[in-house]
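K.L.:
Each protein sequence line maps, in turn, to chains A and B.
Per UniProt numbering, the very first residue in the first sequence carries number 1; after that it's consecutive.
Per UniProt numbering, the very first residue in the second sequence carries number 1; after that it's consecutive.
Accuracy of the hints is not assured; some may be wrong.
Treat identical chains as interchangeable: a pair holds within one or across any two.
Said to hold, decoys possible - Only pairs whose alpha carbons sit at most 27 angstroms apart, straight line, appear in this in silico DSSO-like list of lysine-lysine: (1) K256 - K359; (2) K258 - K168; (3) K503 - K282; (4) K503 - K182.
Bear in mind the hints are in silico, worked out from the structure with no lab data behind them.
Protein chains: 2
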Amino acid sequence: MADTQPPAEGSGEPQQPSKNALKKAQKEAEKAAKKAAAKERELAERMKKEASDAADVSAESYGELPLTGSKGFKKTGTPRVSLSDIDEYVDKEITFRCWVENARVQSAKLAFLNLRQAYNTIQAVVAASDKLSKQMVKFAGNVSTESLLVVTGEVKRVQEPIKSATIKDYELHIVKLFIEKKADVLPLQVSDAERAIPNEGLGEDVQKEGEGEGQPIVGLNTRLNNRTIDLRAKINLAIFDIKMGVQTLFLEFLSKEKFRLINTPKILGAASEGGANVFELKYFDRKAYLAQSPQFYKQMLIAARFQRVMEIGSVFRAENSNTARHLTEFIGLDLEMEFQEDYHEVMDVLENLMLFIFKELNTRYKKETDLVRSVYHVDEFKLPESGKVPRIEFTEGIKMLREVGEELNDFDDLSTPQEKLLGKLVLEKYGSDFYTLDQFPLAIRPAYTMPSPANANLSNSYDMFMRGQEICSGAQRIHDADLLSEMMRKHDPPVDPNGPGTKDYVDSFRYGCPPHGGGGFGLERIVQFWLGLPNIRMTSLFPRDPQRVVP
Amino acid sequence: MADTQPPAEGSGEPQQPSKNALKKAQKEAEKAAKKAAAKERELAERMKKEASDAADVSAESYGELPLTGSKGFKKTGTPRVSLSDIDEYVDKEITFRCWVENARVQSAKLAFLNLRQAYNTIQAVVAASDKLSKQMVKFAGNVSTESLLVVTGEVKRVQEPIKSATIKDYELHIVKLFIEKKADVLPLQVSDAERAIPNEGLGEDVQKEGEGEGQPIVGLNTRLNNRTIDLRAKINLAIFDIKMGVQTLFLEFLSKEKFRLINTPKILGAASEGGANVFELKYFDRKAYLAQSPQFYKQMLIAARFQRVMEIGSVFRAENSNTARHLTEFIGLDLEMEFQEDYHEVMDVLENLMLFIFKELNTRYKKETDLVRSVYHVDEFKLPESGKVPRIEFTEGIKMLREVGEELNDFDDLSTPQEKLLGKLVLEKYGSDFYTLDQFPLAIRPAYTMPSPANANLSNSYDMFMRGQEICSGAQRIHDADLLSEMMRKHDPPVDPNGPGTKDYVDSFRYGCPPHGGGGFGLERIVQFWLGLPNIRMTSLFPRDPQRVVP
Chain A
1 MADTQPPAEG SGEPQQPSKN ALKKAQKEAE KAAKKAAAKE RELAERMKKE ASDAADVSAE
61 SYGELPLTGS KGFKKTGTPR VSLSDIDEYV DKEITFRCWV ENARVQSAKL AFLNLRQAYN
121 TIQAVVAASD KLSKQMVKFA GNVSTESLLV VTGEVKRVQE PIKSATIKDY ELHIVKLFIE
181 KKADVLPLQV SDAERAIPNE GLGEDVQKEG EGEGQPIVGL NTRLNNRTID LRAKINLAIF
241 DIKMGVQTLF LEFLSKEKFR LINTPKILGA ASEGGANVFE LKYFDRKAYL AQSPQFYKQM
301 LIAARFQRVM EIGSVFRAEN SNTARHLTEF IGLDLEMEFQ EDYHEVMDVL ENLMLFIFKE
361 LNTRYKKETD LVRSVYHVDE FKLPESGKVP RIEFTEGIKM LREVGEELND FDDLSTPQEK
421 LLGKLVLEKY GSDFYTLDQF PLAIRPAYTM PSPANANLSN SYDMFMRGQE ICSGAQRIHD
481 ADLLSEMMRK HDPPVDPNGP GTKDYVDSFR YGCPPHGGGG FGLERIVQFW LGLPNIRMTS
541 LFPRDPQRVV P
Chain B
1 MADTQPPAEG SGEPQQPSKN ALKKAQKEAE KAAKKAAAKE RELAERMKKE ASDAADVSAE
61 SYGELPLTGS KGFKKTGTPR VSLSDIDEYV DKEITFRCWV ENARVQSAKL AFLNLRQAYN
121 TIQAVVAASD KLSKQMVKFA GNVSTESLLV VTGEVKRVQE PIKSATIKDY ELHIVKLFIE
181 KKADVLPLQV SDAERAIPNE GLGEDVQKEG EGEGQPIVGL NTRLNNRTID LRAKINLAIF
241 DIKMGVQTLF LEFLSKEKFR LINTPKILGA ASEGGANVFE LKYFDRKAYL AQSPQFYKQM
301 LIAARFQRVM EIGSVFRAEN SNTARHLTEF IGLDLEMEFQ EDYHEVMDVL ENLMLFIFKE
361 LNTRYKKETD LVRSVYHVDE FKLPESGKVP RIEFTEGIKM LREVGEELND FDDLSTPQEK
421 LLGKLVLEKY GSDFYTLDQF PLAIRPAYTM PSPANANLSN SYDMFMRGQE ICSGAQRIHD
481 ADLLSEMMRK HDPPVDPNGP GTKDYVDSFR YGCPPHGGGG FGLERIVQFW LGLPNIRMTS
541 LFPRDPQRVV P
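The shape of chain A in the complex, shown without the other chains (with noise of 0.2 angstroms):
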């Protein structure tokens, strides 16, 4: 209408007859001239079009969909399947969302798609006919890597298992395929994310990136930066998978032994132990803190009572250390206990949650598990046949370490290295993966640990280690007030018991604490080692280091 319409009256243009006002005329029917012909040719396509989508038989089953929940979509209430439960469906039509590992036209009749939906994958078949037409082939087999689909159709059983997916026994015979969004060209292949990473270390190493026998090798950083779509890759959603598992079954066997799970502050208003590592932020007009650890509360729960604590909580270390097994921020599992006699009654708690932690993910998670492992390479973990956690004392350790050649004085700390071969000492030993060292020296545990009654040297105090590498350190806590105080000036820092982040905690002691005891363990180092991973920020979904705060 509006085209049709002649020039409103009263409009801007004086009606003087002029050259200027023939070349006007002149120019304004060309342009009515090109805009008929524009009209003429709009036509044309339209109809053309038109013909060409009522040749397409499957013109209603396929396209892109428009953005769900806009003014565009439309809801169709078709019941969606996950593909876990195919074998309900053989012979049947499902519709599930589904997305593109890969699309290929085979030939003008015929395109295939592998459908990804979480760890389950499916080949599809998209064959023209006289129900499908050619241009839905064309169209499905140049679906984009990555892109969301919703499909629909019928499942089919297939005489030759299908190797490429992880559904051999069926295929699916696409009847409609609708793009639910689209994905861009990728900046990171998913299939390259499933693959080892080159190496341990950080730093060049690991940005190294090159072809390896044929096929491109991805660097960690590249990896950690384009994290979105790395987390896409099935070996990373097994990782992750068992990152949730540790959490849950610790939660589930602390229950049981009847322990309250517990929520400390992260903020804290002085920094607690020496001031060292820890992060400083700016609150309101004053300085604050992040918690290195909820050592100081979940202990003084004990003595208000609470009996016996756990936590699942973020933990903060402003520590410049850029190795494989370290973060500036990880996920403490910790827990605190008051026992009746003996601080043993706090480890027996310790190897026993461990050992059924070891044992559920063997069952639970020994499909994740097996996955990881089988791209890495990894040894199966061993746990003592005995059902018993080897319990070293630490100056044993140090004789085995002796024995074969490292030179060691009786109180002397073990490096990163020495721990790795006691270790492989025990395993060799006690067949076991795991396993305690107990009674460490006073002088190198922090200043609220009780010293040990056998020898003024040592403490009641022990570390857990996972292949030679340690995952939590425990001890018995002085809970008298003046014994604290006196240990804390006398320790190497000395602390003042009475500093503004240290008073509350030690008067916390002088209203009828109990004995008690307890543990922290690193939650990624668990997973870290259970799985033989080379590098701890591969179980933080967007690990923090001295380098990386982003994503």
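We have chain A already, so just place chain B on it with the hints.
P.N.:
The following block gives chain B in isolation, referenced to the frame of chain A:
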């Protein structure tokens, strides 16, 4: 021997007889006499004490134990029981750890103690007999309040129910009583902490303390300053057992619904949500920020195809809000999920989650709930009889408020008093203390909120309320990078989609992100409004607000 030995030959003293030598000999004789007298006295005292000990038939049955785990401590190996199992031990002798609620000497031959262990209290009798000395009665009756004991006694049924203890049918006839850890004079009486705080404000009013109906009223600040004593009150143990309950029920329900437990970073390289109300920290040689919510990360994990995610984690808000329902640090219960065709699928999950939590709190945590509500005279939490959570459109809510005289424009945000009023109206109309408000005005929601297809001024977003107060905010999120960028730029205040804190987030929606929505609950608010507590600080073990970062 040493005393009677002659001086050694060649001792330093020259052998010259002189006045000095005489004086010296006299002095030494005096010394020797004194020494002998002292020895005699000592011997006499020792004999007297031995005689007295011999007379004290209970000498081995009471006293103060050396510090558990120290050199002087000796293990007994006696098994210790839980008072929860007392029914199993009628007429039997039991040993257990407990603490002293109060102790009083009735006569030289009789003392009473109220002993506590977790939620249980029992009356204990110490009666002199031929087997139990008056000395022991005196010792037991004078043990300081809150001291930790290990007692042994016989469980005896009583005729009249005991009013002053939770265990009404039995009392304990003490046989042995040892102080395991003595309590100093308390800065706060636990019995005072069992009573209601004077009012809900903080400021001056709460610090005002005085005598109300003959009993001291202790304000919230005093309680929080002495939190480890305060937390010993049963009402506090109940509050935190319920807080644990909400968390475990959250995990239980959502695990069954196949949500993945995630752990997102709390240290961010850039302030993501505009930079207001965010804590800044020193991160090595740069600045970093504390996460105000896991919002961006949980959505990025949906983009990473994690499908359904949940998190229980610390949330930090640098809001200078000194109200009864704000904390600067709290626990967020977050979830995010892809949906198929309609964001109301997400609301269904959220509502069913909360219904599950409420129902299970009513059964599994009924005792604890009743204990707390009885102190604060709080009404039962009403749930809809139909089992269907009232889901009210925002515009309908506005209408309800206008009908009772509130002046509001169509797209105005509700004030806190208006929210509370609407809560009352909903309770009257639908009989539910829990309800959902749907389709909020777009302008008052974050930039990533999906606009409503029905009305461009509204959005696919919702809040959830308990007793008229907000506990959850959620929405369908925009899962298209271009639309998201546009909405960010158009937002008031505008957000830069290419900023250091937003670019990775926006880009994660370029690679086929599914439609999704979710919500974030404030854990402390759920506990506060479930129990009807006047102040949110009561639901945080060690609360943080603009004025408080200790203990």
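K.L.:
So, for every hint listed, does it hold in this structure?
P.N.:
Hints, one by one, checked against the model:
In the homo-oligomer, the alpha carbons of K256 and K359 lie at most 27 angstroms apart both inside one protomer (17 angstroms) and across protomers (22 angstroms), since each shortest distance falls under that limit. Only between protomers do K258 and K168 lie at most 27 angstroms apart by alpha-carbon distance; the minimum there is 24 angstroms, versus 45 angstroms within a single protomer. With identical chains, the CA atoms of K503 and K282 are at most 27 angstroms apart both within one copy (22 angstroms) and between copies (26 angstroms). Only between protomers do K503 and K182 lie at most 27 angstroms apart by alpha-carbon distance; the minimum there is 19 angstroms, versus 59 angstroms within a single protomer.
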